[in-house]
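Protein chains in written order, with full-length UniProt numbering: chain A, 1 to 263; chain B, 1 to 323.
It is worth saying that the hints were derived from the structure and are not from the lab.
There could be a bad hint or two in this list.
[Unchecked claim] Taking lysine-lysine and the DSS-like style, the derived pairs with C-alpha atoms no more than 27 Å apart in a straight line are:
(1) B/K256 with A/K19
(2) A/K32 with A/K199
(3) B/K256 with A/K148
(4) A/K18 with A/K235
(5) B/K144 with A/K230
(6) A/K109 with B/K182
(7) A/K248 with B/K319
[Claimed, not checked] Under 7 Å between C-beta atoms, here's a sample of chain B residues computed to sit facing chain A:
(8) G112
(9) V116
(10) F145
(11) L176
(12) V186
(13) Q191
(14) T254
(15) L301
The C-beta atom is built at its ideal place from N, Cα and C for all residues, glycine as well.
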Amino acid sequence: MTKIVVLVKEVPDAAVQKKVGADGRLDRSGEKTLNPFDTHAIEAALQLKESGALQVDEVVAITVGPAGAEKALHKAVSLGADRSIHLADDALAGSDVVATGYALAELVKRESPDLVLLGQQSDDGQSYAVGAVVAEYLGWPGLTQVIKLDVDGTTVTAERQAEYGYDTVKVELPAVLSVGDAINEPRYPSLKAIMGAKKKPLEKLTIADAGIDASKVGAEGSKAKWQSAKEPPAKAAGTIIEDEDTAKTVEQIVAWLDERKLI
Amino acid sequence: MSNILVYALHHEGAINKNSLGAISTASKLAGELGGEAHVVLVGEDISDDVAGSVGTYGAAKALRVNAPAGVAQPVVDALAKVAGDGDYAYAIFGGGLLGFEAGAGLAARLGGGIAVEITDVRVDGGQLVAERPVLGDSQISEIKFDGFGVVVARLNAFEPVQSGSAVAVEDVSVDLSDASGKVTVVTRGEQRGADVNIEDAQVLITGGRGLGKPENFSLAEDLAGAFGGSAGVAATRAAVDAGWFPYAGQIGQTGKTVAPKLYVGLGVSGAIQHKVGMQSSDAIVAINKDANAPIFEFADLGVVGDLHAITPALTEAIKAKKG
Ligand SMILES: Cc1cc2nc3c(=O)[nH]c(=O)nc-3n(C[C@H](O)[C@H](O)[C@H](O)COP(=O)(O)OP(=O)(O)OC[C@H]3O[C@@H](n4cnc5c(N)ncnc54)[C@H](O)[C@@H]3O)c2cc1C
Ligand SMILES: Nc1ncnc2c1ncn2[C@@H]1O[C@H](COP(=O)(O)O)[C@@H](O)[C@H]1O
Numbered sequence: 001m002t003k004i005v006v007l008v009k010e011v012p013d014a015a016v017q018k019k020v021g022a023d024g025r026l027d028r029s030g031e032k033t034l035n036p037f038d039t040h041a042i043e044a045a046l047q048l049k050e051s052g053a054l055q056v057d058e059v060v061a062i063t064v065g066p067a068g069a070e071k072a073l074h075k076a077v078s079l080g081a082d083r084s085i086h087l088a089d090d091a092l093a094g095s096d097v098v099a100t101g102y103a104l105a106e107l108v109k110r111e112s113p114d115l116v117l118l119g120q121q122s123d124d125g126q127s128y129a130v131g132a133v134v135a136e137y138l139g140w141p142g143l144t145q146v147i148k149l150d151v152d153g154t155t156v157t158a159e160r161q162a163e164y165g166y167d168t169v170k171v172e173l174p175a176v177l178s179v180g181d182a183i184n185e186p187r188y189p190s191l192k193a194i195m196g197a198k199k200k201p202l203e204k205l206t207i208a209d210a211g212i213d214a215s216k217v218g219a220e221g222s223k224a225k226w227q228s229a230k231e232p233p234a235k236a237a238g239t240i241i242e243d244e245d246t247a248k249t250v251e252q253i254v255a256w257l258d259e260r261k262l263i
Numbered sequence: 001m002s003n004i005l006v007y008a009l010h011h012e013g014a015i016n017k018n019s020l021g022a023i024s025t026a027s028k029l030a031g032e033l034g035g036e037a038h039v040v041l042v043g044e045d046i047s048d049d050v051a052g053s054v055g056t057y058g059a060a061k062a063l064r065v066n067a068p069a070g071v072a073q074p075v076v077d078a079l080a081k082v083a084g085d086g087d088y089a090y091a092i093f094g095g096g097l098l099g100f101e102a103g104a105g106l107a108a109r110l111g112g113g114i115a116v117e118i119t120d121v122r123v124d125g126g127q128l129v130a131e132r133p134v135l136g137d138s139q140i141s142e143i144k145f146d147g148f149g150v151v152v153a154r155l156n157a158f159e160p161v162q163s164g165s166a167v168a169v170e171d172v173s174v175d176l177s178d179a180s181g182k183v184t185v186v187t188r189g190e191q192r193g194a195d196v197n198i199e200d201a202q203v204l205i206t207g208g209r210g211l212g213k214p215e216n217f218s219l220a221e222d223l224a225g226a227f228g229g230s231a232g233v234a235a236t237r238a239a240v241d242a243g244w245f246p247y248a249g250q251i252g253q254t255g256k257t258v259a260p261k262l263y264v265g266l267g268v269s270g271a272i273q274h275k276v277g278m279q280s281s282d283a284i285v286a287i288n289k290d291a292n293a294p295i296f297e298f299a300d301l302g303v304v305g306d307l308h309a310i311t312p313a314l315t316e317a318i319k320a321k322k323g
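With the hints as extra help, turn the sequences into a complete structure.
Set out below in structure tokens:
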């Protein structure tokens with residue numbers, strides 16, 4: 001009998017115009033959504049459960065984020081997670097990748113799952129690093145960007161693309177794996193599941209509840225100090241053609257290419 | 001505390017170009033900090049020649065650790081051991097997938113901080129300051145470290161510079177962690193699909209997930225055919241992972257770096273990990289139906305529309321133009 005934890009993040013909606021705050025960090029205000037890459041991690045957990053590849057009792061979604069981030073958990077649960085955990089605490093504000101990974105690892109320890117799944121990247125942070133930090137704090141093996149997973153007993157055979165081509169790696173459970181978006185096609189939640197999501201257990205924790213060392217999180221506890229932001233050197237804006245009349249559009253493209261002697 | 005550790009990724013007897021760039025950069029920065037750049041190589045078959053050659057890029061030491069290559073955990077074990085035995089304030093990785101994984105693991109183990117996708121590093125007040133482009137590269141944030149700092153470069157950000165001569169290789173023995181014993185590389189660097197060459201093409205038509213299905217790569221092939229000569233077809237990771245196109249034809253972070261005279265993206269969103277492999281193209285044209293796609297931020301000519309309607313017509317028009 002096994003348990004899978006899926007780490008999910010709430011990120012600004014793709015349509016929101018994003019900006020950087022005075023502190024050099026992303027301003028995360030505005031409409032938010034579940035990190036789209038994390039739906040692949042949830043789907044991977046469900047497929048392991050449904051295929052019987054692993055005897056999964058429970059899929060638990062966990063997030064670290066400000067109040068409001070439970071919306072991402074509702075989405076995760078509507079997609080099929082059984083319950084969820086939200087760590088929210090003012091002391092967490094300004095946590096860097098290592099601090100966030102530390103807090104997530106502490107939450108994972110409370111659940112002692114057999115497998116932890118993550119998305120390939122957060123749409124806002126884009127560090128592709130949280131999984132490796134969580135694995136390190138747990139002392140478990142970890143791999144990122146996995147696009148194929150086969151489980152045999154407590155051995156996972158994973159495939160992923162690295163810098164020299166595709167690698168096949170065997171990992172002993174418990175392990176921490178981030179999955180690439182090519183691993184599956186996430187399902188859409190049913191209306192019933194969306195309506196029922198709020199009824200599934202959602203546990204809210206503070207860092208004290210979770211036994212997290214306050215000195216290792218938040219802006220103070222973070223060792224990567226983000227400073228001010230600056231503008232990169234200005235680059236000439238490109239030409240944009242909105243295709244309304246394809247014949248005309250193509251004429252414009254050809255003229256543009258011809259001017260630059262590219263044909 | 002002013003030496004800098006560098007991890008040198010290698011495969012089949014060659015050190016990764018991005019690692020060489022990291023060595024050169026670290027050696028310059030360490031000089032400004034009054035220290036040295038020391039390079040760690042992890043693998044079971046690294047020759048003296050290969051390891052010692054890091055000296056020719058500015059490294060003062062080559063430290064060889066005999067442990068499995070291709071996964072992050074042994075690299076973390078090796079770097080943490082070396083860092084613990086000496087005076088090191090920073091570690092620099094040349095990017096690549098292992099760089100992110102090992103860099104993050106090392107930062108966590110040493111209780112330090114990590115900065116990824118770094119395009120530049122300078123010394124300021126005796127400390128490193130790393131530049132991180134954010135928001136589709138429209139802003140650059142600066143990151144400093146309080147404690148051990150791990151810098152992971154963006155692909156191609158650090159140029160290898162030859163300086164100095166080969167150094168003697170020191171073997172370092174490292175006790176591997178439990179986690180390292182639980183990861184085994186079965187096969188490494190498998191080349192899926194045909195051995196296509198995209199690096200010599202002057203015109204590259206790149207197909208992304210927006211093509212919809214593998215058969216639609218014919219739209220890209222036909223357009224390349226219309227350009228004739230040295231025009232070729234390439235792909236994004238999404239298309240390659242889906243099995244639509246050979247890995248050898250992939251552009252980006254874990255694929256090839258190209259700089260053709262003309263790059264045309266068909267249904268390519270322009271993710272950072274793709275952009276880093278093609279941003280040096282002379283002219284970038286994108287056809288994408290989503291006006292908010294990141295590729296429009298750096299395309300010289302952006303066409304907002306359906307590639308299925310536009311591409312065949314464009315192919316015909318170019319053929320007609322060429323006569
Ligand atoms: C560590 C790491 C390494 C990576 N390495 C690489 C790498 O080497 N190379 C790489 O490419 N990626 C890499 N990626 C993945 C990268 O983040 C993106 O996921 C990938 O580049 C997206 O590929 P895409 O543009 O084909 O697909 P998508 O991002 O899905 O974009 C498809 C685009 O097609 C458009 N579209 C759809 N239908 C149509 C239509 N009918 N007409 C016109 N447009 C249409 C859509 O609007 C969309 O913008 C890496 C990621 C990570 C985390
Ligand atoms: N605050 C968070 N809470 C839960 N999971 C997270 C959080 N941040 C990142 N993750 C997970 O880590 C993955 C990689 O994120 P990143 O390293 O930021 O690119 C995401 O896809 C999520 O699965």
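We went through each hint and held it up to the structure:
no.	hint	verdict
1	B/K256 with A/K19	violated (31 Å)
2	A/K32 with A/K199	holds (21 Å)
3	B/K256 with A/K148	holds (22 Å)
4	A/K18 with A/K235	holds (19 Å)
5	B/K144 with A/K230	holds (15 Å)
6	A/K109 with B/K182	holds (19 Å)
7	A/K248 with B/K319	holds (16 Å)
8	G112	holds (5 Å)
9	V116	holds (5 Å)
10	F145	holds (6 Å)
11	L176	violated (12 Å)
12	V186	holds (4 Å)
13	Q191	holds (5 Å)
14	T254	holds (5 Å)
15	L301	holds (5 Å)
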